[in-house]
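Engineer: Given the structure of chain F, go ahead and fit chain G onto it with the hints provided.
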Amino acid sequence: MPEFERQTDIGPPHYEQFLPEVIKKNYGKWDYHEIIKPGVMVHVAESGDKLFTVRCASPRLLAITSIRKFCDIADKYCDGHLRWTSRNNVEFLLTDEAKIEPLIKEIEEYGFPVGGLGAELSNIVHTQGWVHCHSSASDASGVVKCVMDELFPYFSGEKRLPAKTRIAYACCLNMCGAVHCSDIAILGVHTRAPVINHDDLPKMCEIPNLIASCPTGAIRPTTVDGKQSVEIVEEQCMYCGNCYTVCPACTINNADTDGISIWVGGKVSNSRVAPKFSKLAVPYLPNNPPRWPEVVEAVKNIVETYAANARKHERMGEWIDRIGWPKFFELIGQDFTKYHIDDFTHAGETFKRTAQLRH
Amino acid sequence: MTEKRKTPLLDELEKGPWPSFVKEIKKEAEHNPMSNDVLGILERSYEEHISHWKHGGIVGVMSYGGGVIGRYCDLPEEFPNVREFHTYRVNQPSAWFYTTKALRHLCDIWEKHGSGLTNMHGSTGDIVFLGGSTESLEPCFAELSAEKEDHPSFDLGGSGSNMRTPSCCVGPARCEWACYDTLDACYNITQTFQDELHRPFFPYKYKFKFAGCPNDCVASIARSDCSVIGVWKDDIQVDNAKVAEYDKNGTDVQAEVCDLCPTKCMEWDGKTLDIDNSNCVKCMHCINLMPKALKPGKERGATILIGAKAPIIGGALLSSVFVPFLEMDPESDYEDLKELTEAIWDLWGEHGKNRERTGEFIQRVGLSNFLEEIGLDPVPEMVMHPRTNPYIFFDDEIFED
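Residue numbers (this note's numbering), protein chains in the order written: chain F, 333 to 691; chain G, -5 to 395.
Excised from the complex, chain F in its bound form (with noise of 0.2 Å):
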């Protein structure tokens, strides 16, 4: 018999149990926040108490020993208190300002800087790619990795952005991420339909499910080899893979063809203006493993535009309205092609309906 009683439907712990004391005395007492230096703020509360917070990067994907070692550290520095944040920084919660100092040279030491805080770039939240994911047109953790190397300095607070800059990554159309609505969204691709098993079809997938998971219609029924199975009209597939998730007889992966694109300009927040989604940038680059030069020099060419050019405060999405979309273009040096027009559901409602030109 096991030493313990296995349970079903008791939910999360409650969040009670894991927060410091100092939050639990000043819980929705909290006054204001100030960013003290990069990566490090205080949150000062109504009766004066301070919580000192320490952000540091994080890769997502991580090892039970490096969670033992931030635990050693929390234990150390922060009465045992730590933290993720939705963009999976490490965040750890300090009463005693002498401590952050040995703590940031601690963390260091072990690998994680600390940054990320204000109008700087935070974490790139992303999703599985090759490490983990069936439908991946490119990896993830590798490219974010590159990207992060390179723009290093905008994290760590030494090169300042006109305000916060957020740059996500998803490794296909599925998105498991805020990707579409982000200043900066790389993403997977595949280019090509899928290709059939005719053999497997019928064993593994049901054919009404299989033809209504297209968006467009492009999947038909037909009879190969005096077998059920079904024929894709390739001019009317756009590539979203949603036929391999129902049916994994429909391969859309594929080495020679998948990539990766660039979309610019979205948003979650309500700040100023409303939230935007992400716009398409680079329409294609190739998948070039390990250290994905092409698309590393992308997204450094965007950041450092938009840095050089945007006003203070003013987001991704902000500035390129601002400038105009054509202006974008040709600052960055891509050039404008059929890919960058619309051609799915409402896409007419993404015309330009007006003589107001920039000549």
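Now the stretches of chain F that chain G is said to cover, found in silico as 3 or more residues with beta-carbon under 8 Å: (1) 342 to 356; (2) 377 to 390; (3) 463 to 469; (4) 540 to 546.
To be clear, the hints were calculated from the coordinates, so they are not data collected in a lab. Model, not experiment: these values are computed from the prediction. Every residue, glycine too, gets a C-beta built ideally from N, C-alpha and C.
Structural biologist: Structure of chain G alone, referenced to chain F:
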């Protein structure tokens, strides 16, 4: 232990200042055969430019339909230790706060039953245990959920066509802008809908995200079928002495605050910041810039928005306004939000198509039909502007009175 995998391509990703996921995998590969094989198969992907993971079959723990994602590699002979490499989604505590004791407990369980690799956290918010064998699933879950005197019990989160694990921002725990208790609301909703979280009954996934203010740090408006975004109704609280301090210390209040206000509802004469609150759209810009001087008002609640999603299947959608202002009082046990949720689930559950998200369902049936069925009155806050096309389905009721 199998032979240590050679990874010349991945080794390149150990260089540079950003923390390396390859180093992370290697830390476990030292002593865990599964992680060692992950290195090997990933190196193969780096050589061949393609994923070597297959679709998950149906795997899970007893009595649950979700929470575990099946994953198998397509080279089981060469990489036998990741032949099965399933993911557990473990329901995280609200706002991702931990004690080291709880984290070590999770690490000990995962060392015993799996690869030792995690995602802290997955995109939906769960603690992700990355890679366990089919055989390990049940004992691992039993140990996670066990009632132990000095360790918290953890449950699995959602996967498949169910309510996905709700998540929330740091809220009142450490943020002065939280307009309601995001941690409590997230916990309460998660506990209330345990059955919907663990047993997929829906046409497709349904996500909740709780953001304490319009800054929306959990990206709820982009990523959740139900976005609960904290907001206030009354006047921004202003401390003019502190505004003047900001002005003195380098913030150009006229240029950076007033001129960037989207509705231009602020005026600054060098002494007093005069806000026409009736014209304020609660965008947070001025408060973000001067947190010592400005605060959200005191009459607080949330805007409920419905229907966000990523592209698949019908294209990406942002959530749209459903209830402009809802009180989020814990005393009422979030009754209104729950009633609304159940009404949506009933309607979408009955009429939604397979893999059709709520937002897509609303587009298909029309927002006005949807509102009528849910029992909500239309209000102008729901639209950017009234319709522009005159093809109107008139009812008989328009002639009454």
